[in-house]
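Q: So you can see what is in the structure, the chains are spelled out below.
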Amino acid sequence: MKKHNLTKRALFVFLVVALVGACSGLVLAGDIDWRQAEGTSLFVALNKHVYADALQQLIPEFEELTGIKVVSEVYSQDEYMNKRLVDLSSRAGVFDIVMMDQAVVQYARAGWIEPLDGYINDPTLFNQEAYALDDFFPSLLDEGTVDGKIYAIPVAGETQVLYYRTDVFEEKGIQVPKTFDELYETAVALNDRPNMAGILLRGQKIHTAWNSSGFVWSYGGRISDDPMNPTKAAFDSPEAAEAITMYAKLLQDAGPLGAGNYTWYEAVSDFQQGKAAMYLDASVFMGDIENPEKSLVAGKVGYAPMPAGPAGNIANSLSWLLSMSSSSKNKKGAALFLAWATGKETSLELGVATGVFGRKSVLESDAVRNKYPRAWSEAVLSSLEAPKPEAGFPRITEIDEWLDIYGGAVNATILGQRDAKTNLERAAAQMNKILSESQ
Amino acid sequence: MQQLAFLSPALIVLVAVNILPVFYTIATSFQSLHLAYPGRNKFIGLGNYISILQDSRFWNSLGLTLTYVAGCLTIELILAFCIALLLAKQTKGVGFIRGVLLLPIFLTPIVVAFLWRLLFSPSLGLLNYFLAFFGLGPYEWIYSPQQALPSLIIIDIWQRTPELVLIIFTGLLAIPQDVIEAAAVDGASPWQLFWNVKVPLIKPILMVGILFRVIDLSKVFDVIYILTRGGPGISTETLSLYTYTMGFSFLRMGYASALGMILFAIILLMSFIIVRWGEVDFE
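Residue numbers (my numbering), protein chains in the order written: chain X, 1 to 439; chain Z, 1 to 283.
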């Protein structure tokens, strides 16, 4: 009987300690009053992405922490872009939090999304120390910064890395290419179409724009004259022409059949099915490529940083970001959501679950390094090291026209319709006309 | 009065959803409206229409749209006649065959597009896989500027021919048997019987079918958007795709509205010709 009592007491003491511990943990995690918007509700609109799926799973934790009711909806990309445009431009205010991409400049300058500096600097909403804004990769944070203000916070960063088949490289005794010239030679040497293409790159018009920008920079070229406020196209330079010629040559001489309409969808499927020896694209596809349920090459993939051109290796990067709608009727709740979703702890949890990152601490954490290929995180860190001379997408409102015109020039070069120089010069003239009209 | 009261819910919806947007679009087509710069919007008269006439991308899209309509319609009509004539002779299992034929129509365009995307893949697709057994290919299908439009025409033929089959088949069944017998007694050859007797008799219903197909084909969007986005380059960018790009990607709503009005005018003109020439009687 006495013994039983003792156990009971021990259990009680343990519970008290645990409870106090948990509470103090909660307080330490953020000195802010998480329940200040209790009873309100939020609508979070997300684009289909591994990040979005993982975030949705964690949202009940936020609801419990804050007492805010969250409705979250994941849409397929095209549907999402339309819904976001309609809701924000009409100021309907259905969405409070939206996932943002390169359209951030357009949305920020049109006043559809809220500048976040005021919220981040408000100690009742963001605990500066715990939040550590300097933990974000600067190149990714820049993606969400427009005219000096933060409009969006990076949550799922990506950068260009080279995926290669370790088994094929070993069997043939080939070294991993470090420069674009080596990349070309290796790709041609490994090309064995239709069984296996030497290299995969995106070739579809709009899809080439981001990928080929990294080429242009690495060859010493620029996309536009002023990184912060472009007024003229600069991609009609000899350096850019050389870079785009290389991009097209890789696909023409060692790419898959039909590369001219390849988006990441085709490229990733081909690589998963072992139809290519190398693949140069965004780091985010590691998850799909290493997934043994979807991929025949899981475990046989090596990772290397972006190859170097005459001006070094400058990889492009981009990020999905989170923004707050200016028409939100619950801005306090939305700010709390941002503080929670992009804070260190949630970021780490999402990083471990899916491999996405916006913060350095996520990529450097043991949990992420142990779960995902070490070569991958090293390649990503190395690719993100070299500062980009410009934003991943030009900071202009007419971003979709740039994608269409500049991407169209790269695409035409891949399809062998005229040479890179002619295509780029024509595109630059078109782009300059649009930019001068928008001034 | 009571009739009007009963009709009013439908009328209100019709006006709000159909009529008002049409007038709004007409108004916008005379403005410079750019969605990202709403403050700069002004009336520019025929400015958008004049720019469109000088826009080579517009002419490209118009040419592609007409090629697409003509290509699909011609092949679908020939195939539909063949199938319907065979079906009219068939005595057993007509219902079953008809049901199977109709299956593709029931699929939503998104499903159709993804299905064909899998089939068309140059590296992993089933089409190239099977064609390889006959020593054919590999083809690039929607991934090459030359083959992309024909590939899209194949999809529409696969999905929409049954619609015409059904219409023609119904028309054939409705032909009075004595007319055919009379023609046969007069010594009409099978071809004469078909061309001079059957076709004229089913012409009214056939023309309605053609009318619907032309309207549908002219504004084709979903399947092309998902499969090629108008690519490679602009080799499959039909008029409605170009309109969409101008409006919802480039946010140039004024220009896009003018493009929309032109597409509307073209469809109206074609419909008018078909109705007139085909002597379609809607009464």
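Just so you know, the hints here were simulated from the structure itself, not pulled from any lab data.
Just so it is clear, CB atoms sit at the ideal spot from N, CA and C, and this is done for glycine as well.
Take these hints with a grain of salt, some might be off.
Claimed, not checked - Sample of chain X residues facing chain Z (criterion: CB under 7 Å; computed from the structure):
#1 Q106
#2 A110
#3 N191
#4 P194
#5 K205
#6 P256
#7 L257
#8 G258
#9 D270
#10 T354
#11 N411
#12 A412
#13 L415
To be verified - Covered by chain Z, according to a simulated footprint, are these stretches of chain X (three or more residues, beta-carbon under 8 Å):
#14 82-96
#15 392-401
Q: Hint by hint, say whether it matches the structure.
A: Taking the hints in turn, this is what the structure says about them:
| no. | hint | in the structure |
| --- | --- | --- |
| 1 | Q106 | 6 Å, holds |
| 2 | A110 | 5 Å, holds |
| 3 | N191 | 13 Å, violated |
| 4 | P194 | 6 Å, holds |
| 5 | K205 | 5 Å, holds |
| 6 | P256 | 5 Å, holds |
| 7 | L257 | 4 Å, holds |
| 8 | G258 | 3 Å, holds |
| 9 | D270 | 5 Å, holds |
| 10 | T354 | 24 Å, violated |
| 11 | N411 | 6 Å, holds |
| 12 | A412 | 6 Å, holds |
| 13 | L415 | 6 Å, holds |
| 14 | 82-96 | holds (count 3) |
| 15 | 392-401 | holds (count 4) |
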